[in-house]
Amino acid sequence: MKKLFTAATVVIFFASCRVDDPTPPIELPDPLGDGFYLLNEGQMGGNNATLDFYDYASNKLIHNIFEARNPMETMGLGDTGNDLQLHDGRLYVVMNGSSYLEVIDAATALHIGRVTIPNPRSVAFSGRFAYVTSYAGATLDDGTLGGHVTKVDLELLRIVDECSVGRQPDGLAVVGDKLYIANSGGYGVFESTVSVIDLSTFTETKRIEVAPNLWRVRADGKGKIYISSRGDYGNIPAAIYVIDTATDTLVTTLNQDGQPVPVRFLGGDNFALLGDRMYVVGTAYDAEWNPTNTYTTYDLSTGLATGNFITDDTDAQIVSPYGLATEPATGEIFVTDTADFLKDGTVRCYSPTGTLKWAVTAGVAPGHIAFFTPDDAR
Amino acid sequence: MKKALKFFVFAVFVVGILTSAEAQEVFQDAAPETIRVDSIVVAAPAVREIVPAQILADQQLRRLETHSVADAVRLFSGVQIKDYGGVGGLKTVNVRSLGSNHVGVFYDGIAVGNAQNGVVDLGRFSLDNVESVALYNGQRSAIFQSAKDFSSAAALYICTRRPVENRFRARVAGGSFDLIDGSVLAERKFGDKLSISANVQVINTSGRYKYHYSRPGGGWDTTAVRSNGDVRVVRAEAGLWGRTWNIKTYFYDSDRGLPGAVIKEDAAIALRNNERQRDRNFFAQGAVGQRISRLYSYRVQAKYANDYTNYVMPPSTTLRPVDAHYHQQEAYVSAVNFFAINHWLSANLSLDGQYNTLRAEAGELFERNFPHPRRLTALGAAAISLNLRNLSAQTSLLYTYAHDTSAVDRPMSKDRNVLSPTVVLAYRPTESIDLEIRAFYKDIFRLPTFNDLYYTDAANRVLRPEYTTQHNIGATWRKFLPNSTFASLEVSFDAYYNRVRDKIVATPTSNQLVWTMTNIGRAEILGTDISITQQLILGSQARKTTVDTRLSYTFQDTSGGDPVPYAPRHSGSVVVSLTWGRTSGKAGVVTGSNARARAENQWSLDYSFIYTGERYRLGSQTSANLLKPWYTHDLAISREFALRRASTKRPVDLRFSLEVNNIFNQRYEVVRWYPMPGTNVKLIISISL
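Respectively, the protein sequence lines represent chains U and E. With my numbering applied, the first sequence has no gaps in its numbers, which climb one by one up to 378 at the end. With my numbering applied, the second sequence has no gaps in its numbers, which climb one by one up to 689 at the end.
Take these hints with a grain of salt, some might be off.
Said to hold, decoys possible - Sample of chain E residues with no beta-carbon within 10 Å of chain U, all distances over it, derived:
(1) Tyr213
(2) Asn460
(3) Lys479
(4) Val491
As the list claims (entries may be wrong) - Derived list of chain E stretches under chain U, where covered just means 3 residues or more per stretch with a C-beta under 8 Å from a C-beta of chain U:
(5) 313-322
(6) 360-369
(7) 619-629
Think of the hints as simulated: they come from the structure by calculation, not from any bench. Note that the Cβ used here is the ideal one computed from N, Cα and C, for glycine as well.
Extracted from the complex, chain U is given alone in its bound form:
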């Protein structure tokens, strides 16, 4: 019986160890000042996508601002964020794993609403509508899963239309009344086309043959769009292609001495535009999968690589360059490092001349940045 007593004592001791400590309160500037939102994608199935805010006034990264501002939102943002965009005073987060589009008031980081979209990937806007690519289209005749673009009315927060495109559509961009969609075929049967959708009728009007496994799309505001292809992981390397939207034809490939820079794109926002320059991050592997990271600047007037945009050798501190963003006002370049996709990553700020200004620890797989100024508020 003494043993039982001892056991009981042990039990009580252990029972007393379990205390739920409350999350420490975060000091938030309210309303938010100049800065940027950072989406940490989280681990797939880890339910740990988070939204941070970098406050320029205090030079501090406020971790997990969405969770702190919206404690009643079950499980925070949820699982696997894939895109982050600011539009008309609102912040839109595409939650791939949890399958919805989160709508947030950009000035306060308060939850406004959500739209359920299965397997969503990226978002673009035109007026009061958002367009979201989704891997979850109808099953095609050959048994593969088709993709589509969902049209969302942002006032009603309701899906109003859908348009079938290629398999596993990823990035997209609006130019005038046309929507350009990068079809990836990332589930196995690679696609190599960009779908063009006429926004007035919301129908696919053309497919432009580009390269296999297309990824991100960015418009330069001057009639050109830039598309990254992740290649077929075999003979066809990753590269960035240029389409002229006036003619909807492929015009060129960004290159170095006539060849694409040999990289793999890890994902994330792997390139960003700034004036007539483009910055691209990538990772090349040798036969033993030892990585070499690249940080390439392209001159868009010639389409040629002009060098490394990090000039102070601090690139050695980066494990896996993932997301990239440029601040048009200051010319600063932001690079996110996802490390091993499991540990907390970092976000790093580089000056226009390529020297490190600061680096700060973020969440898991930081990948997407949206700049904010109070003028953007509704």
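Fit chain E to the known structure of chain U by using the hints.
For chain E alone, coordinates are given in the frame of chain U:
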């Protein structure tokens, strides 16, 4: 490799010196009775295991007979079970944080393999027909064993019942999660020459249970039901024993839902929780052995295994549709040669050969790159054992050769040649007290699995094996007083320092869906295991109460290397078993469940407490990834009635048990976002004649 060879030569030399110096007498085995942990049929020369194992048998195992082997292993010290919740979830064992790939699982003495991913799902093995479960750190130190027995960093031996008399048992259990579990066991003995046994078990459960999550410190709060956790299992086994041989066949067929991690999602669209898995495992194995002379004994073992897995992600999930079929085959032979040179020196030479194949059908993209690998493994082990009055020493050297080929002529990983040494020492300072001090050093590795090397287009064929080095020092003190209240007490303590180098770690390449394996990891584990077992006997011989207590505690510090996810600093368990009532037959310590409990009209009460302290999930060691300790209290009460059939006068045992698991309805998870069930009950009725 050269270093390993030098080390071995040195070890042999040391053993030689010690031999000539010490008194040449074997010391007596002090344990009252040894529990069988192997299927060994050979009347082998008694080569003592010089380092004791953690063993569960008898009452404590019988209490768990409707559970899986994983539930028994949870009670050992130094062990973490990775449990994804529910009846159908994968359950793997990690010993001393070396990684579950480093634990060898032996079923009736022969290794259970999985060349595809190297991990054996312990949920597949039921305790229904199991007599003992034993865990060895390093290796089992009985040198009369196959080369495979020397080849893992820790070894779990599951030993099934061997008939001792004619017997028939039927059992049915039902309870929470719409569980129905039925089994029959028939055993027949034909004199001393032959015995047979057959066992069939069917399990069906919906796997549904409520779970609850809330925001720490207030805020959101949600309760939901775990779905797609249904499991259907059919398991059938048959065994045949002769005087010098045995044959065993095993069949397992299951169909289950994979409930997946709980994530934020809209109830309107089913996402991750529609995955299904079908498994069909078959193996047949046999062993034959004999003591040819005083000097020489042998044992030959062989096995054939055929495993099939079908993993399905239906297109309706809106995620990547998958319908993958994996077919694995394994052929294994082993020859063990044992030489009892004299009464204090023995040697063993064993040679094993193994051939594994994996064929996969998983869609066009997968098959374009998949080499359909085949692996030939040859293992040779040489071991010397020395047993003196106060000192026992064993040293072994294992040689491993592996050669991979492709069924479709793809480039494969190059051949492997590795030497792995082990030294085990046990010292008994005095005859007057039963105290044994032990130490071992073991250097072993695991080969990269087929998945590590050849999975899809980011395959890394130049992976090196993952090496572990273990240093252990420990002591056990025992006291047996068969006729007193304090019938027995055993205290065991071990301190260890483990290193894992070239640890195979998954890193993403082109995107989050395509990962490759690299040798970038490194782990260092400093730990202690403490276990105390005690038996108290109260009351008179005719009407007594027995109290068995087992306490185990593990401390681990993994801060020296890369973070080891889910490795708690503190963990432990307490098991208390009470039996009371009128008894007859054998008194005192009853060991070996073959010594069928002769208790009549007896009650028993079993309580177990399992504690796992704070630990970090996969990722950075930050407060966001820190998981709270969890602990559960399980209680089982059973009543046994010994009846007698009027016609034949043969005994009929009837047994009723009621289990209440997680009695305080603790909300916990072993793996983040895989909630475990709250309070659940099970009623078991068993009849044996």
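Against the structure, the hints come out as follows:
no., hint, verdict
1, Tyr213, "violated, 7 Å"
2, Asn460, "violated, 5 Å"
3, Lys479, "holds, 15 Å"
4, Val491, "holds, 14 Å"
5, 313-322, "holds (count 5)"
6, 360-369, "holds (count 4)"
7, 619-629, "holds (count 6)"
Checked against the numbered hints listed earlier, the structure breaks hints 1, 2; every other hint is satisfied.
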